[in-house]
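J.: Based on the provided sequences and hints, a complete structural model is requested.
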Amino acid sequence: MKKNTSLDHPFLDMAGELSNRHIEEARVAGKRVVGYFCSYVPRELFDVPGLVPYRMRAPHTTTTDRADVYLSFVNCSYTRCVLEAIFDEALDFIDGYVFTASCDHLRRLYDNLRYLKKPALCHILDLPHKTHAEALDWYTGELDSLRRGIEGAFNLRITDSDISASLRRTNEVRKIVGGIQAMRRKDAPPITGEEMHRIMVAVNSVPADVAAKNLAEIYSMLEEREAPKKYRARLLVIGSHMDDPEYIGAMEEIGGMVAADTLCGGAIQFSDLVDERDSPLRSLAARYLRKLSCPRMFEDFDNRYARVVGAARGFAADGIVVQTMKFCDTWGVDAQIFVDKLREDGFEVLRLEREYTRGGIGQLRTRVQAFLEMLGK
Amino acid sequence: MALFLDSITDSTPLTLAKLLGRNASMISRMMMKVGLKRFSDYRKRYEWFEIPSQREELWELMPNRSPGFRAATGISLSYIVYYITNVLERIAAEPDKLLWHEDLVPPEIFHAMGLVPFLVEVLPILIPNVNNELAEKYIDVSENSGYPADICSLPKTVIGMVESNQLPPPKAVVASNSPCDGGMASYLMIEKKYNVPVFRLDLPYNFNDQRGLDYYIGEVKRMIAFLEEIYSVELDYDRLREVCEERNRCFAYTLDLWDLMRASPAPIGGETLVYSHLCYQLGGGTRAATKLMKEILRISRRIVERDGGGIPDERHRIILWNPPPLVYPELFLWMEKEYGAIVVMDMLTFRHQYFIDTKSMESMLRDLAVIMAHGPMAQHTRGPCENFFGDLFFMYESFNADMIMMAAHLGCKNTRALLGMFREMCRKRSIPLLIFDYDLSDRRPMPPEGIKKQVANFMENVMGEKK
Chain L
1 MKKNTSLDHP FLDMAGELSN RHIEEARVAG KRVVGYFCSY VPRELFDVPG
51 LVPYRMRAPH TTTTDRADVY LSFVNCSYTR CVLEAIFDEA LDFIDGYVFT
101 ASCDHLRRLY DNLRYLKKPA LCHILDLPHK THAEALDWYT GELDSLRRGI
151 EGAFNLRITD SDISASLRRT NEVRKIVGGI QAMRRKDAPP ITGEEMHRIM
201 VAVNSVPADV AAKNLAEIYS MLEEREAPKK YRARLLVIGS HMDDPEYIGA
251 MEEIGGMVAA DTLCGGAIQF SDLVDERDSP LRSLAARYLR KLSCPRMFED
301 FDNRYARVVG AARGFAADGI VVQTMKFCDT WGVDAQIFVD KLREDGFEVL
351 RLEREYTRGG IGQLRTRVQA FLEMLGK
Chain P
1 MALFLDSITD STPLTLAKLL GRNASMISRM MMKVGLKRFS DYRKRYEWFE
51 IPSQREELWE LMPNRSPGFR AATGISLSYI VYYITNVLER IAAEPDKLLW
101 HEDLVPPEIF HAMGLVPFLV EVLPILIPNV NNELAEKYID VSENSGYPAD
151 ICSLPKTVIG MVESNQLPPP KAVVASNSPC DGGMASYLMI EKKYNVPVFR
201 LDLPYNFNDQ RGLDYYIGEV KRMIAFLEEI YSVELDYDRL REVCEERNRC
251 FAYTLDLWDL MRASPAPIGG ETLVYSHLCY QLGGGTRAAT KLMKEILRIS
301 RRIVERDGGG IPDERHRIIL WNPPPLVYPE LFLWMEKEYG AIVVMDMLTF
351 RHQYFIDTKS MESMLRDLAV IMAHGPMAQH TRGPCENFFG DLFFMYESFN
401 ADMIMMAAHL GCKNTRALLG MFREMCRKRS IPLLIFDYDL SDRRPMPPEG
451 IKKQVANFME NVMGEKK
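These protein sequence lines map, in sequence, to chains L and P.
The first sequence begins at 1 in this note's numbering and counts up by one.
The second sequence begins at 1 in this note's numbering and counts up by one.
Worth flagging that the hints you see were computed from the coordinates, not collected in a lab.
It is possible that some hints are incorrect.
[What the hints assert, rightly or not] DEER-style ranges, computed between Cβ atoms:
#, chain 1, residue 1, chain 2, residue 2, range
1, P, 359, L, 157, 43 to 49 Å
2, L, 303, P, 234, 27 to 33 Å
3, L, 358, P, 252, 55 to 61 Å
We put the CB at the ideal spot given by N, CA and C, even for glycine.
T.: The following block contains the structure:
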């Protein structure tokens, strides 16, 4: 008999803080923490002996006064908040940074960070905009260059077998996440969108072995759990980067159920496995280059659209929330074309523009409330 | 082309009437070429077709410039009109050869393939220079179609024009990831609007090493294969060699012009210098472009020999960084007149130039790829900031400037994100730096009076000009 219990697991609490117990323990043990900025960065490369991966976030930043002096008010608030948190020493547990040349904002954060802080490791991966064979060769070479950069910065060796072991561990996490995702397809999912978001923030903030252990426990709890709440409508959330579960929570407080998301730190993005048979760097390059794409990629709109529509149907979404972060040009243009096409294809769509931080939750509730009513729910 | 080539050799003092007359002649010639019916169709279809070919406010300030400088200004402006009329003539004759290309993808290869390349941004660049209201209309159309208000107003103008069916529809498009996310993203809208094939050149972030360059050369070759398939034409070695040799000639004149620009007083400058660089963007590898540059060089030499400088009392030499305010071209003439301050080099004009080695197809494609990768803005707005500041400070020293003017376009995320570093680096080098806010194509966020005020404050408070 299933129980209507809360999902009381410490792993979910990690989303509330920047650092976490595992990061602190790793640092005490002399390990280095590598912060990464984009879903195209293969975290497996630095989830190896001596290193810990951490997806950069700063959702609790309240003002960006100093960051705005170097970046500017027309840069996306994610990059400004991260820079401000670095100024505030709130991210002092990070020993090195890995970027991709994915957008104007990240490229310039990379420039400013090198100029202002001169970290031991500040590496930018030259991410191609295409996924053809030559681009795959190129990105494989880039990953090798990252490996050498990390080795040089921290005076350690990262062998192919280290990377192979890392990608196998991470694949295990991907499989468990996939298993939880399968539960979310049910009429009465045993997990809310906010809880899933908390889980994914935590997954992106710890080594794979820690994530696997915690997720296995959570998976068992979910198998025994009844749907935690009733909902009026199922939603799919797509769009810009988000790592604050409260945002999803606000949609759910008023009766929405975020059944799935295609956010770049989210479960759908994460679940694609890495091929364990090929050489590890090439496998990683292929997996990351050909994953569900960000709009900064070329010639992949139709594929991206098909995957979003597949998710909407697979998770039985009644409506799709397309949310973009202000000043993100690639999502800004892409989202409008997306919205037009989704509506043409009969989907109900709510378009939202937001900042990285949580401000405007009241307005968000009002918009989602109206959307749920429009859905007739 | 004959008319343009004839007209530019006439370097007697330029008047507005003469310029308008010259441009009107080019338009009449186009009417003859395309026929009255098509000409009339163009007039009905394209609302920009009727805009005056010059902005009269410019001419109130023009007498401050020497006759030669005015002549150079006139031929640069006429070249743009020539380009547009020539494209419309060729579209009428060969509609199946029309190819849209993005402004940082130069046209040499397209010319060599016998295509009709049309630089998508040329009208969005020209229109705000001449008619603010029309540019603002397209910007409003873009925003009201749901595209973000905060992207650069140049791609917004492009989107608005495309939404309003104000550009001749392409058969195919070549774009790139330069100069910025906004420009790059706008081509998705174009692709969906026209449902035509689009090839996007993928320029690596690190294009300075051999690995990056090899990848990009591969991209150029894939673009050629794409065009050969779409247009059923082949890239011919001899034809490409001719085009590259023509570009090399143009480049040689450009280097000579830059040598003149290093000396004080400068023979020309300001928006004339900026417009002249369009000979590469619009007409790279064509006789008309070479002729334009040759003529500007000839005039500039004569100014140096006879008049000394392009303006009567050169007191300040400016490096302009970022594109100039398209909505307010008078700014340069006003600064010249008011403060003796002339722009002697700018980000768009300065480029890492290379002569193209024409010994083989491979050498030409390699050198063209290098030129594209190192093109203005492509070099500065996407790559590491070392590209940006490296060129800037090189130009400052090399062109004997005494101040830098940073045009801080409100829609330019990637250059505004360097302003903090910019200030500190200039302070460290004791370089006077004016950062002024403006919007490239929309005067509403920062009207011309506001731009003037920012410049006046700086010139008077920092550069010691009298109030």
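J.: Hints first: check each against the structure and report whether it holds.
T.: Structure-based check of all given hints:
1. P:359 <-> L:157: 43 to 49 Å: holds, 45 Å
2. L:303 <-> P:234: 27 to 33 Å: holds, 31 Å
3. L:358 <-> P:252: 55 to 61 Å: For residue 358 (chain L) and residue 252 (chain P) the Cβ distance comes to about 59 Å; the hint holds.
The earlier numbered hints are all upheld by this structure, with none contradicted.
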